[in-house]
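Asks: This is what each chain is made of:
Protein chains: 2
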Amino acid sequence: MRKKLHKKVFKALIEGRKFQEIRDMFNYYNMVDLALMVEDCSLDQVLMLFKILKREISAEMFTYLSYTKQEELINAFTSLEIKGMLENLYSDDIVDFLEELPSNLVKKILQSATEDQRSEINLLLSYPEDSAGYMMTTDFVELKLSDTVKRAIARIKTQGKVAETISNCYIVNENRTLVGSIRLREILFADEDEMISEIMDTDVISVVTSDDREEVANVFKKYDFSVLPVVNDEKKLIGIITADDIIDVLLEETTEDIQKIAAIIPMEGSYTETNILEMAKSRVSWLIILMVSATFTGLIIQGYEQTLTLIPALAASMPMIMSTAGNAGSQSSIMVIRGISVDNMSIKDFWLVIWKELKIGLVIGLVLFVVNVLRLMIFTPEVGLTTDLVISTTVFITILMANITGGLLPLIALIFKQDPAAMASPLITTIVDALALIVYFRLAMYFLSI
Amino acid sequence: MRKKLHKKVFKALIEGRKFQEIRDMFNYYNMVDLALMVEDCSLDQVLMLFKILKREISAEMFTYLSYTKQEELINAFTSLEIKGMLENLYSDDIVDFLEELPSNLVKKILQSATEDQRSEINLLLSYPEDSAGYMMTTDFVELKLSDTVKRAIARIKTQGKVAETISNCYIVNENRTLVGSIRLREILFADEDEMISEIMDTDVISVVTSDDREEVANVFKKYDFSVLPVVNDEKKLIGIITADDIIDVLLEETTEDIQKIAAIIPMEGSYTETNILEMAKSRVSWLIILMVSATFTGLIIQGYEQTLTLIPALAASMPMIMSTAGNAGSQSSIMVIRGISVDNMSIKDFWLVIWKELKIGLVIGLVLFVVNVLRLMIFTPEVGLTTDLVISTTVFITILMANITGGLLPLIALIFKQDPAAMASPLITTIVDALALIVYFRLAMYFLSI
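Protein chains in written order, with my numbering: chain A, 6 to 455; chain B, 6 to 455.
Check the hints yourself; a few may be wrong.
Chain copies aren't distinguished; within one or between two, either way the pair holds.
[Claimed, not checked] Within a straight-line C-alpha distance of at most 25 Å, the following computed BS3-like cross-link-like pairs (lysine-lysine) qualify: (1) K59 - K13; (2) K155 - K166; (3) K422 - K227; (4) K227 - K59; (5) K422 - K241; (6) K9 - K113; (7) K16 - K56; (8) K23 - K422; (9) K364 - K112; (10) K241 - K12; (11) K56 - K226; (12) K112 - K74.
Simulated from the structure, these hints should not be mistaken for lab results.
Everything numeric in this text was worked out from a predicted model, so none of it was measured.
Take the sequences, apply the hints, and build the full model.
Replies: Take a look at the structure:
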């Protein structure tokens with residue numbers, strides 16, 4: 006069974022410079038767990054590890070370290086050490102940490118890279134940061150249209166040593182145009198003399214280098230693939246993307262969506278790592294916009310100042326009405342925002358949303374009406390029943406309005422080609438607050454006969 | 006290159022009953038795209054497809070159809086047809102649609118299943134719905150500790166035909182205890198006579214059948230795996246889970262998180278498919294809780310009724326102060342909620358959060374103070390500067406309080422073993438609204454000398 010990796014044992018071996026035991030440990034345990042412990046070692050200790058471990062193992066370890074640790078190491082490495090490490094890394098991993106390094110260190114690395122690696126790295130770095138080209142790796146197995154199964158297996162044995170995955174292989178014609186794909190198992194189960202062109206799948210789904218990573222993630226979601234080939238504009242095969250990279254993309258995209266919902270301008274980096282000014286910047290602009298737009302809600306209240314002075318009891322219910330409006334509105338808007346991003350909802354669902362939110366609003370509104378009448382009778386028995394009914398009727402109408410506005414706003418954002426999450430969520434509260442207050446004061450004036 | 010599948014061509018072939026062309030089409034195109042078109046065919050047409058297509062192809066098609074279509078088909082199938090289809094499906098796919106069928110049809114299917122399949126299906130159905138046991142497939146490649154590479158390849162060739170993936174194989178000892186894992190490529194690159202036990206990886210990371218699917222997703226995220234073995238409580242290997250299933254889990258979990266943030270009780274099913282009552286139910290309880298808790302905000306306002314009557318201008322700024330408080334509070338809480346679920350933030354970060362939110366609050370508060378003074382001077386020049394300063398100081402203090410409360414509430418939820426997203430997001434507005442109003446009226450009474 007699996008043995009647990011203990012921090013104390015790890016430290017003791019490193020500090021005691023028990024080279025053989027350290028090598029055994031790195032052969033045995035998963036690198037993700039080991040790297041977490043290496044993270045706490047001193048620079049000298051990590052450099053010692055790079056000296057005593059096999060190059061492919063230390064190179065793998067390097068990819069799991071934090072950017073700060075990686076930078077320290079590159080700084081300390083000789084160009085020979087860098088060369089040795091680069092030989093054992095996939096090109097997409099190299100680009101991953103290059104991106105975070107200061108430019109003098111990037112230069113140091115590119116000088117130690119081989120001619121081939123340098124052009125691969127430059128190719129990857131030339132794509133926009135969120136594109137398929139940037140994410141892909143150029144280490145994959147490429148078969149030729151004229152290969153037999155036997156020839157293909159030979160190719161896999163050579164290319165497979167450096168490829169990131171061999172479970173899917175891709176077939177190109179004499180122009181390097183992508184013409185087919187095949188799974189390793191199909192090759193293994195086939196006859197040695199069969200032609201690859203006869204057993205390959207010719208309906209290859211691929212992405213283009215310039216595709217946005219969100220589009221790439223959508224293709225993975227739709228087809229449940231584990232690997233996708235990447236082609237350039239001339240349909241030539243130039244890389245692959247694997248599903249595990251997509252899991253990271255999905256997480257980042259989700260964080261972005263959630264931040265937008267909370268009126269935060271999306272930013273990368275974890276809470277603990279990002280600095281104060283950057284965080285303040287990402288939050289302050291929406292706060293200003295919303296604060297200024299609350300001016301209009303204020304103007305509405307000012308317009309009914311006289312009503313408020315005559316019936317001071319009305320003021321006490323304002324927060325409840327506004328918060329109920331805001332809550333109901335964001336519930337509806339979030340259901341539709343999620344529907345747009347996951348279930349392909351679009352402007353065609355305009356009437357469906359209106360109809361559905363109207364019906365849901367009727368049910369919820371009725372329940373809240375009853376609960377609110379009871380609440381008022383219990384907490385403020387001194388206020389008359391007419392006032393209770395005015396307040397509760399306002400809640401009922403507010404729910405209907407908030408539901409429909411909340412449901413439609415993300416669709417309207419789509420019409421104006423805006424991001425539904427970024428536009429709808431922050432604005433919805435301001436809009437339904439204003440609507441709710443107008444209804445409230447109108448009803449009060451009418452029924453409390455002012 | 007890839008040819009596009011056209012709806013018109015598809016329909017013409019189906020309606021014209023061009024059997025050979027239909028078979029060619031199903032051999033050529035990706036099933037995800039084909040199934041979308043089959044969805045729009047009549048029941049008779051789909052039954053015709055099941056008659057003319059190869060069984061493994063029609064079985065794959067079945068898994069991509071909607072639950073309603075699947076139910077119609079099972080209803081129409083003879084038990085022989087069901088038997089033929091079951092033989093070509095993975096057990097986890099069978100369980101997937103069984104779950105959605107009415108019980109009389111489940112019975113019909115179980116009767117047509119072989120003894121082996123029936124016990125596999127019953128095993129999978131016996132696990133809780135969100136567990137690893139429920140998600141896993143029992144179709145995988147299992148090698149023995151005593152196998153040579155040659156023997157292993159032979160096993161892969163037999164078991165591999167029905168296994169969901171062969172890129173990773175798992176090794177068990179004589180008690181069927183999981184003792185190692187190996188990638189197919191390592192087997193292919195090894196000598197025929199080598200022992201599997203010598204080249205396998207003994208630090209196998211696995212999940213237990215009872216693990217929640219969110220934990221499983223976290224293991225995939227942490228280690229970037231494409232397959233994970235599933236063991237029972239006695240460490241015996243009983244299934245595998247593949248990365249593409251995790252993409253779906255992540256999407257569902259994200260939807261749940263986002264719903265919680267919007268004060269919706271998480272529910273499955275898309276916006277367009279879920280019925281009115283279910284949707285109303287998932288939304289109404291938080292609306293009631295928040296409405297009733299807004300009573301306390303109301304009581305605060307009531308307590309300062311006299312102040313409001315004396316300076317009516319104060320009422321106009323209440324919505325702005327409350328919405329700013331709510332927005333700032335949810336910004337902070339969402340940053341921390343996301344930090345908990347993605348970056349392992351926990352109670353240990355208590356002081357870090359206070360310190361960080363305090364500093365962010367100072368920056369944002371200062372900016373908003375200045376903007377607000379300007380806003381008031383422009384929009385309500387008739388109100389005196391002292392009042393402007395009172396309102397703007399309230400905004401400044403509110404931001405500080407909202408940031409710290411918003412940041413800490415998710416951590417406090419953790420202490421009480423509550424879900425941070427479900428607890429913190431809905432409550433934060435009510436709490437900071439109340440705090441903000443108290444500060445507002447206190448400052449007003451003090452500086453406007455009432």
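Asks: What hint numbers does the structure not satisfy?
Replies: Of the numbered hints given earlier, those the structure breaks are 5, 6, 8, 9, 10, 11, listed in rising order.
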